[in-house]
Amino acid sequence: MKKPYVFNIQKYSIHDGPGIRTTFFFKGCPLSCQWCHNPESQRHEVELMYYHERCVDCGACVKACPNGANLLVDGHVSMNRVLCKACGNCVDECTMNARELVGKYYTVDELVKEAEKDQMFYEESGGGITLSGGEVMVQNMDYIEEFCRKLHRKGYSIDIDTCGFAPYENFARILPYVDTFLYDIKLMDPEKHKTYIGVNNRLILDNLIALNQAGAKINIRIPLVRGVNSSEEFIRQTIDFLRENQIRTLGFNLLPYHNTGKSKYENLDRSYADEQLKVPPQEQLEHFKQMFLDNGFQNIKIGG
Amino acid sequence: MEERGMNERIRKLRRQSLDAVAHLDMERARLMTEAYKMYEGSVSVPEMRALALKHYFSNKTLCINEGELIVGEKGDSPQGSPSFPELCCHTLQDLHVMNDRELISFKVSEDDLKYQEDVIIPYWEKRSIRNKILENMTPEWKAAYEAGIFTEFMEQRGPGHTVGSIKIYQKGYLDYQNDIKEALANLDFFNDKEALDKKAELNAMSICCDAIMILGKRYAAYARELAERTDDPQWKQDLLLIARNCDVVPAHKPETFHQALQMYWFTHLGVTSELNPWDAYSPGRLDQHVYPFYKADVDAGQLDDAKALELLECLWVKFNNQPAPPKVGITLKESSTYTDFANINTGGITPDGQDGVNDVSYLILDCMDEMRLLQPSSNVQISRKTPQKFLKRACEISRKGWGQPAFYNTDAIVQELLNAGKSLEDARRGGTSGCVETGAFGNEAYILTGYFNLPKIFELTLFDGKDMMTGKQLGPHTGDARNFQSYEELWEAYQKQVKYFLDIKLMGSNIIEKIYAEYMPAPFLSIITNDCIKKGKDYNAGGARYNTNYLQGVGIGTITDCLAAVKYNVFEQKKFTMEELLHALETNFAEDSRILNLVRNKTPKYGNDDDYADSIMRDIFEFYRSNVTGRPNMKGGTYRINMLPTTCHVYFGDVMIASANGRLAHKPVSEGISPEKGADVKGPTAVVKSCSKMDHLQTGGTLLNQKFTPAVVAGEDGLNQMANLVRTYFNMDGHHIQFNVIDRETLIQAQNHPEDYKDLIVRVAGYSDHFRNLSKALQDEIIERTEQSFH
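Same order as they appear, the protein sequences are chains A and B. For the first sequence, position 236 matches number 236 in the numbering used here, and the numbering has no gaps at all. For the second sequence, position 636 matches number 636 in the numbering used here, and the numbering has no gaps at all.
Looking at chain B on its own, in the form it has when it is part of the complex (with noise of 0.2 Å):
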């Protein structure tokens, strides 16, 4: 394996990161079942999960890696991960398959199985969310879920989807525990019927403060314990320095640019510990958060270029220590990685509007390229502001082929903020998370419900709501599709279908918020985001300023070309009819070559900035978004829509017969709002006039990758061409794209071959990925995906 980092250090620390085997540590869910069983009924519900965390942070096992500087693992060790049986207990047979599956697997030892059969399925077993979240849906849900028609997040992991704020880096945690008292002083018990339940949940804060300082104490103690023991002369004093900055931080706002990073890590480690919240936590717009830090310790004489990406690149190795929480079943299928998506945004704009780029951005940009980590995810934001030379340094380390940089539209982002109703200031302080999604960082809880499979509706549609994979009859009766006189017929029948599964879908999501608002919540989250003290409430519970629900769409690609070819060939060119496609569908494609090579080849296609397929594009995308956007979820904010997939598409097609796109059966459906796989044939332009079709403003994130053979992004020209195409693609309001530079022959070498191409990693939707942690069906799709080259 390639050895990368600045230095020896940070060598040995990347690759003791990369070696490290994945694994579950049970110690979280052991002092999580004692503490419930201490505290459970004798304390309020925010109370008891506040306590909870405080006996955790107590208790938990201290790791320092030997020439870390910024300490503080999750689990026990490196790649060590803790387990949440009170939102999901896994079964015997989960950890065993957890164990032994080929892929994104997780050791689990024989002691670890004795505990959770002995102690934790006893205890968590009718308690866990995810048992009330199914004992709580309908028959109707259940089946739709089960066929694929749509995912539920948050049925084995928290709602988080959230990012820190500049506060993280001004205030010390009892400053927050100030600010806590304030508001309990000021709450109305003659007025506020919910006086009572805003005092436990601030108490509730208040404990989980006390919680990250414990945290903190106990590694400056340990640090200088192991200071006491080292003969080395650096590592001792490196400990005394961590033990210093445990000193400082968290329990006071940091001094210096190293404690500023101590300080977000240890934040990290409070949310990623008090739940599993997807997307882990971020550290927001970290370059300009830590620069004025950077500046003044630069200016003082205490940090040059070298010691502050030696610290980021300190960092960078911490998020790779943590994978995702062990994920099983569906849950699994959708979001099939080891990464936990933390994002990192660099470049933008200031919250006043200016260019946002500083030194430290440029040097997070070194930290990336030298560091080629999976975790964390890392992105650029290009505003019109943003300097060329900026964006070009981020294309050439795109175009080395690992996927980061991603790109990200800061104009777009803060236009698609303000429409959902935020103000100027919180949306230019906004960004991205996760895989795309667009959140005001410190100020919001965006959380995303699921994914929902809109080529599959299209397949019920044809079936008169039934479903081929099972045979049931999942959706309502539209009519025989063989009887439509025309293609408007249709696509009636396809939007009354989908309405139908949105009902099931958001209905089931309001009640699952329910679920987390009683018996859920997360006081420390609820610390850091805004306005959660200041209301009394918790981050579950509508405590943030802003509430919104996303449910993102997958397979627009596929759908569009499925409408396209039977409006096309059925109702225009009668090449053939509506029996002879369903048969070609049923049989896939079988008997049917001519039909197939029609709706492959000889039909207009989403990608190719073609009016035909495009303004069939936009209708779904205005359907799907009229139909969701501004629907009420429960915490006083509404539902939006993403169109991201994460690996979902891979699941998504799989639970499908062949499609009239010519896709075959159990095949992936397109990601994100890329075209469909070798649908667009007229080169990256195309690609992106025609994803500039959709009103990217109204969503919460659009998902465009490009696969690019090295070629053609080579030499000085080809820098520039690339970096044109992100503006352009920007000026149109593309909200974010990103690109494989990898040929072919490579990726086939390394699926034939994957001992010798372990380091290769690629970009999957969103977020990159080893190449060979990739299913084999996630594979091949990669590696069909079309590639621009020139002819």
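The shape of chain A in the complex, shown without the other chains (with noise of 0.2 Å):
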């Protein structure tokens, strides 16, 4: 099994689940997500984020890389992906800070010590610690449940931030510690699912169900991009879903689509399908809003 890498703590973080927690994103995903607002999660290994508008061509990491990654084409760095091993030996010599290594290993006991940071904190407001990625359900589970358990023996509130892909006895290993899952559903519709996201959604909402069963606590939350699943239909058909299947839902939140992830996409030389993403409009979310209400569901919230 990989080693897990954590991209990123994001302190005094309170969109992702009550109080003010601690988030540990993790690095990898399954999905593809087309409007995914945090490429450089998507990859399980580390990466080197190059902010090329920072850059001033000294070529201080063309000596220093070992693999011969950069070069000067004219005066200009240039930047070859497949020889970058990640290395970081560039980062510390760059004098503009235009290069930064994503993904950092960090042992159970480290994390710990960074949960513990806060834990004043998580005590005067509720609060607790979030797990995300990229996705923590596919990571080394033997690590990710020492983790939980770690956590959960300090008494902090654990919440999980899932796409839901994962094997189901993953879940299963750390039902006992979790307080709540932050759960995504981002498109009913199989083919759909299959063509924005990368794969088909029935494991997704197979583990929804089984969780439910298991009695999980469960809040939904749903990224709504208009020209994808921003419709009257799609929330039709979640919430029949949820009816049927009787999931009980603390809450819900609706994410409208962001692109504040564009320029990360530049920073690792990746492309954007921008163009085709957009905002949808403040009404619609209200709509929706309304149309969970009227189907008895509770707590909806527009935004984290």
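To be clear, the hints were calculated from the coordinates, so they are not data collected in a lab. Some hints here could point you the wrong way.
[Unchecked claim] Derived PhoX-like pairs (lysine-lysine); straight-line CA-CA distance at most 20 Å: (1) A/Lys262 <-> A/Lys85; (2) B/Lys574 <-> A/Lys63; (3) B/Lys142 <-> B/Lys514; (4) A/Lys104 <-> B/Lys602; (5) B/Lys534 <-> B/Lys193; (6) A/Lys117 <-> B/Lys114; (7) A/Lys113 <-> B/Lys534; (8) B/Lys575 <-> A/Lys63; (9) B/Lys126 <-> B/Lys107; (10) B/Lys253 <-> A/Lys104; (11) B/Lys167 <-> B/Lys253; (12) B/Lys472 <-> B/Lys499; (13) B/Lys132 <-> B/Lys114; (14) B/Lys514 <-> B/Lys496; (15) B/Lys171 <-> B/Lys534; (16) B/Lys514 <-> B/Lys126; (17) B/Lys142 <-> A/Lys113; (18) B/Lys12 <-> B/Lys236; (19) B/Lys142 <-> B/Lys126; (20) B/Lys37 <-> B/Lys126; (21) A/Lys117 <-> B/Lys682; (22) A/Lys104 <-> A/Lys85; (23) A/Lys3 <-> A/Lys150; (24) B/Lys574 <-> B/Lys602.
Assembly of the complex is requested from the two constituent chains, each provided in isolation within its own frame, with the hints serving as guidance.
What follows is the structure in structure tokens.
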């Protein structure tokens, strides 16, 4: 099993579960949502972010690179992503802070230590820890289980922000320690799901049913992208699914699409299909909220 | 400009306060000079000071602004500012600068200039306290002062730094005169060698009681005279009410809520006319002190919340009408603002330890929200017992973005005061004034002596005691830094330098204290400060129950990051040598972008809950604290430390070359205990955690600024978490936190188009100010403060 890497530890996280939380973002995701605003979260391995706009083509990275990944071509730095092994030698030498490694390995105890730092905030605010990604449920589960167990022993609330696309055994292993699952539903139509997200949604929906049957607390998160899933039809299908399967929900977050991830794609030298992706209008979000309310669901929030 | 105020009366008064142009008012200087010429040599110094105040209050121009319900201006009219030639005799050039400068200017007329030249300067030039101070300072003191190692608070303004107590609302000045009579009768001329001095001091206090009662009577008469003249029936009725109030206060104790506020205001005028003390004067725990009057008036059907709020708003305008005395030179740089730092504490606990929030507390929050004025500075005291509703209401106002109210930790304040030797009851009656300074209200003289430039001394340390701005050898030789083999050697050298300058500063302060005790007693302030009457001693000579001097450390964020940068990069990681670093500093990193990037971006920094840097902060703090706290002052008390800057962090940065943390030459150093700008990248909980590693309870106040983008505190969730952040910081013994909730773009717009942002108020450091009144450097500094937002 591969080593888990954390690409961000977000403190004062107030939109990933109740209270003031620390969210640990794990690198690597089995899905490939077109609208993903955290492209650095998708691949499992450590990557190099290269902020082109900060680069002054001084060439320090060319000298620093043991793999010849950086070259000065016509006075400009050119970076070969295939040759780059993300060793990080160029990061310290870059005088403009234009390079950064994404993804860092921590031992479980090191992570627990990070989590402990804001204990007083969790206790005052009813917050805790959220594990997110990428996808936390496809990481090395020995590691994740140990992390959850240690956090649980300290009395911290643990929320799991998941896309649901992982073997159910993984969920079952951490179930005793978890407070709430922040569970994504992105599309109900299996074909469309495959088109926009890269995989079939059957496993995701089955896991949701199973978690519900196991008595887990569930908060549904629905990213809404105009032109993809921001439609009455999708909301109707979602409501039907939840009702048919008698899913008990704590609440819902309707998360309108935003394109703040765009520059990250550039920094990773990847393309982004942002032209097709649009922000849904506020009235539509309000309408969706009302649909949930009309069907007896509660705690519907627009935004995080 | 946006009109604010609960009704037309208040809106008009507020508008008048904001539209009036700050100007010099020479009347006090004239009357003071007359009085000195009349009395000097024939009476004791305290009696002369008292007679001078009486002469002033007997003859000064009265001012009642139409519509106001609380009367009395310090100057001739709103924004009129008397001068204090006995403390600081302005040169003609000072007056020209004051008039012509773009920021914090005061209009000075041709007549004023002429009067200053013909009368004031010839009489006061050699007599002024400022002159006496400079004559008595050593060459080392002068050199360090001029280099910006420290500042001197008492060079143009009197010591004060104190706050009123409940006594103000419970006694009239006739009652004080009785107390004084009793103290005089108890003087022991057989055994007490100071008895005669005490007699003079007590006589002086009694004369000051006369002075303030004369002013009250004159206002009563003037209000009746105006009532005769006006055709407006409402205004006539108001004027007659004002007159009746002034028949009662200040001579007698107040009987109504309205009179209680008027009583405070007369006392405020007494303190701030006698001398020009730092931080003006403050009404103590206003909500608790005036609550009994509010309750009685409401029960009697004479007052409702709307009327009470109107009176509070009238009082707020009075505070705002009084600009800080005109400052010049370094004193202006360390406190570049019109704000005179009257600071109102709301909430907290009662003297018997119960929750202190009452109906008036909420009215005061409404008043501050409605008025949105620079003065008075308004804050809330939050204790473990404070209701969440009160905290959230305060957060709701604070997140509107203009920096008020600031949040203070009652439980920490009480422990700080207990730790400094106050009784539990006196501690619970205490609070904060000025920016963040802890004091036992009504019982303590807690004098701020000056700011101390911690990062500048590190600059000297790196260059063997030489000031790189002037090339002068200012400090002792502590060795060529290039030869230091370890971080410990560097730390050792820094400690030697700091100790050297602390001795210079404290010796100077002790001398200055004696000068004030001898030449500049404050008998009026002494009346209302426990236990001056009982002891027969002046406030400036140790008469108060507690006497503390403070030295305010500035730039702890910068100095921490400097030491961390050298320790990490030079001694541990060996990324570059000391020689290379010194070269980079001397050349402002012009040729050393690699070093600049390493120290700026790849080095542990204070403000990220990282023990590497935070433990260095603790070392510096503890070293500074242990070398100041407990040293004796000249009033029978001791020195202690505060960590706050007002605007001094801009001045202190201006006198420095580049520093080892990547701060460029002349840029501001960090303010309060906040991290260096841009250093804190892990969000507000990490900042608060880092700050809480300092032992706040060993200080007399620390200042933490947090800048949020509006989105972070939006909505009910944002509000709740803001409140939780405050609570958690306070659970960790944090002393104070304040918020700027405004986005960077707005500030940049306001800098480019000041005319469109006349109303924009921002938090500076322990106080708020109009953005347009800040220097460009300070504006930039606020824009560059790390914004806590989401990724």
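Against the structure, the hints come out as follows:
no.: 1; hint: A/Lys262 <-> A/Lys85; result: violated (24 Å)
no.: 2; hint: B/Lys574 <-> A/Lys63; result: holds (19 Å)
no.: 3; hint: B/Lys142 <-> B/Lys514; result: holds (18 Å)
no.: 4; hint: A/Lys104 <-> B/Lys602; result: holds (16 Å)
no.: 5; hint: B/Lys534 <-> B/Lys193; result: holds (16 Å)
no.: 6; hint: A/Lys117 <-> B/Lys114; result: violated (65 Å)
no.: 7; hint: A/Lys113 <-> B/Lys534; result: violated (57 Å)
no.: 8; hint: B/Lys575 <-> A/Lys63; result: holds (16 Å)
no.: 9; hint: B/Lys126 <-> B/Lys107; result: violated (25 Å)
no.: 10; hint: B/Lys253 <-> A/Lys104; result: violated (69 Å)
no.: 11; hint: B/Lys167 <-> B/Lys253; result: holds (10 Å)
no.: 12; hint: B/Lys472 <-> B/Lys499; result: holds (19 Å)
no.: 13; hint: B/Lys132 <-> B/Lys114; result: violated (25 Å)
no.: 14; hint: B/Lys514 <-> B/Lys496; result: violated (28 Å)
no.: 15; hint: B/Lys171 <-> B/Lys534; result: holds (16 Å)
no.: 16; hint: B/Lys514 <-> B/Lys126; result: holds (18 Å)
no.: 17; hint: B/Lys142 <-> A/Lys113; result: violated (50 Å)
no.: 18; hint: B/Lys12 <-> B/Lys236; result: holds (17 Å)
no.: 19; hint: B/Lys142 <-> B/Lys126; result: holds (18 Å)
no.: 20; hint: B/Lys37 <-> B/Lys126; result: holds (15 Å)
no.: 21; hint: A/Lys117 <-> B/Lys682; result: holds (12 Å)
no.: 22; hint: A/Lys104 <-> A/Lys85; result: holds (14 Å)
no.: 23; hint: A/Lys3 <-> A/Lys150; result: holds (19 Å)
no.: 24; hint: B/Lys574 <-> B/Lys602; result: holds (13 Å)
Checked against the numbered hints above, the structure breaks hints 1, 6, 7, 9, 10, 13, 14 and 17 and satisfies the rest.
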